[in-house]
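Asks: Residue numbers (this note's numbering), protein chains in the order written: chain A, 13 to 203; chain B, 69 to 272.
Hints listed in this document are in silico derivations from the structure and should not be mistaken for laboratory results. Idealized CB from N, CA, C, for every residue including glycine. Please note: incorrect hints may appear among the correct ones.
To be verified - Residues from chain A that face chain B, not an exhaustive set, calculated with beta carbons under 10 angstroms:
| hint | residue |
| --- | --- |
| 1 | 33 |
| 2 | 63 |
| 3 | 88 |
| 4 | 89 |
| 5 | 106 |
| 6 | 107 |
| 7 | 109 |
| 8 | 111 |
| 9 | 119 |
| 10 | 123 |
| 11 | 127 |
| 12 | 183 |
| 13 | 190 |
| 14 | 195 |
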Amino acid sequence: MGDYLVLVISCIFVNNILLMQYLGNCPFLGTSKKIETAVGMAMAVVFVLVMAGVITWVTNKLFLVPYNLEYLKTLSFILVIASLVQFVEMFLKKSIPALYAGLGIFLPLITTNCAVFGVCIINIREEYTFFEALVSSFSYAVGFGLALILFAGVRERILLGRVPKPLQDTSIALVTAGLLSLTFFAFKGMV
Amino acid sequence: MAKSIVQEFTKGLWEEIPPFRLVLGLCPVLAVTKSVENGIGMGLATTFVLIGSNLLVSAMRKVIPNKIRIACFIIVIATFVTVVELLMQAYTYALFLQLGIFIPLIVVNCIVLGRAEAFAFKNGIIPSLADGAGIGIGFTLALAALGAVRELLGNNSITIWSPWDLSFPMILGSSFQPFTFMVEAPGAFMCLGLMLCFMNLFEK
Chain A
13 MGDYLVLVIS CIFVNNILLM QYLGNCPFLG TSKKIETAVG MAMAVVFVLV
63 MAGVITWVTN KLFLVPYNLE YLKTLSFILV IASLVQFVEM FLKKSIPALY
113 AGLGIFLPLI TTNCAVFGVC IINIREEYTF FEALVSSFSY AVGFGLALIL
163 FAGVRERILL GRVPKPLQDT SIALVTAGLL SLTFFAFKGM V
Chain B
69 MAKSIVQEFT KGLWEEIPPF RLVLGLCPVL AVTKSVENGI GMGLATTFVL
119 IGSNLLVSAM RKVIPNKIRI ACFIIVIATF VTVVELLMQA YTYALFLQLG
169 IFIPLIVVNC IVLGRAEAFA FKNGIIPSLA DGAGIGIGFT LALAALGAVR
219 ELLGNNSITI WSPWDLSFPM ILGSSFQPFT FMVEAPGAFM CLGLMLCFMN
269 LFEK
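Using the sequences provided together with the hints, build the complete structure.
Replies: Dropping the structure here:
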């Protein structure tokens, strides 16, 4: 149990996927202008990442490793993720329209979200067991959501302030992300 | 519409230089620019994938059905990424280890997919080749520039290619105290933000 707790904390805070591992930065900057969109994106990522993490782990174990096809990892994982996203989208549209309305526009974006693909690769590289892969996928996704929502909150405040002209928009957002990353830096060495 | 091949090539170097003008594909930009060497290596790997995928997508643009084009693009890109991954593992193993997870991640780099969708799918083979090469080289230059700033301030050195021993330690003199902050994650974000700011300033 203790090992899992360490894994959870290290995935959410110490190795935060956005701020410490630099993955998933495009949606980080793209969907953080408003808190509502940030929450939508965060939920969609949690939803898809857990499933993608589990399915790619199983794919690797059942199909790639036994036939020595590990070099096809990139190709097969991206296919699995893309079809998973498509499937989830169709399933939600049909059976849970309320959730679909909330997550809808964010789902297609997730296919090219490197956080999802990155975590799947990390799970394999670190040679996690099935449950460890499950827990790490979930915790990384939570870490993503946490950082994204915090960042969106800060960005909404920045809109109220006066920003020098050349620094506006993406530029100030990146500097802010740097400061946020600095705060997460404090967790380094905790685990 | 009738832009010359040269224009298609040069627009990637300044007009649409990623990641500054097209704010896409930020993850590798932030992650691998700890040194100039890594930046250049990553840039060239991405350039290879960009040129390959642009060529193939443009050659097959009449065959690919519109509805499943994104899936087709991704498969084409993933194939080239696998090629690069295996080549780097064979010939530049040290760099392969340094870049690690970011080589397979070229597959989800939005620049590559973005160029396939926005350019190669609508244009002929030669302009697509020029576009891919231009954007790729622009990306490499940007990575090298960012890497130079970060490595200089964070490590007080510039390494261009360590196997050939093209490294210049102690550029700023031995009394300079490097900010290790610059080679870590927060420095990456701030450095890129400030470079964007300078670029905006310069343009006026």
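Asks: Are residue 106/A and chain B close enough, Cβ to Cβ, to be under 10 angstroms, as the hint says?
Replies: Not OK, violated: residue 106/A not within 10 angstroms of chain B, min 19 angstroms.
Asks: Hint residue 33/A vs chain B: min CB-CB distance below 10 angstroms?
Replies: holds (8 angstroms)
Asks: Against chain B, is residue 119/A within 10 angstroms by beta-carbon distance?
Replies: Residue 119/A check fails; min Cβ-Cβ to chain B is 13 angstroms, beyond 10 angstroms.
Asks: Taking the closest Cβ pair, is residue 88/A under 10 angstroms from chain B?
Replies: For residue 88/A, the interface hint holds, since the closest Cβ of chain B sits about 9 angstroms away, which is under 10 angstroms.
Asks: Given residue 111/A was flagged as interface, is its beta-carbon under 10 angstroms from a beta-carbon of chain B?
Replies: Because about 23 angstroms separates residue 111/A from the closest Cβ in chain B, which is outside the 10 angstroms limit, the hint is violated.
Asks: With 10 angstroms as the cut and Cβ atoms as the points, is residue 123/A at the interface with chain B?
Replies: holds (8 angstroms)
Asks: Report holds or violated for the interface hint on residue 195/A, using the least CB-CB distance to chain B and a cut-off of 10 angstroms.
Replies: holds (9 angstroms)
Asks: Could you check if residue 109/A really has its C-beta closer than 10 angstroms to a C-beta on chain B?
Replies: violated (23 angstroms)
Asks: Against chain B, run the beta carbon of residue 190/A and see if the smallest gap drops under 10 angstroms.
Replies: Holds. Min distance 3 angstroms.
Asks: Verify the interface restraint on residue 89/A: the C-beta must sit less than 10 angstroms from at least one C-beta of chain B.
Replies: With a closest approach of 8 angstroms, the residue 89/A hint holds.
Asks: Take the shortest C-beta to C-beta distance between residue 127/A and chain B; is it under 10 angstroms?
Replies: For residue 127/A, the interface hint holds, since the closest Cβ of chain B sits about 8 angstroms away, which is under 10 angstroms.
Asks: Is the hint on residue 183/A kept, meaning its closest Cβ partner in chain B is under 10 angstroms away?
Replies: For residue 183/A, the interface hint holds, since the closest Cβ of chain B sits about 4 angstroms away, which is under 10 angstroms.
The earlier numbered hints that this structure contradicts are 2, 5, 6, 7, 8 and 9.
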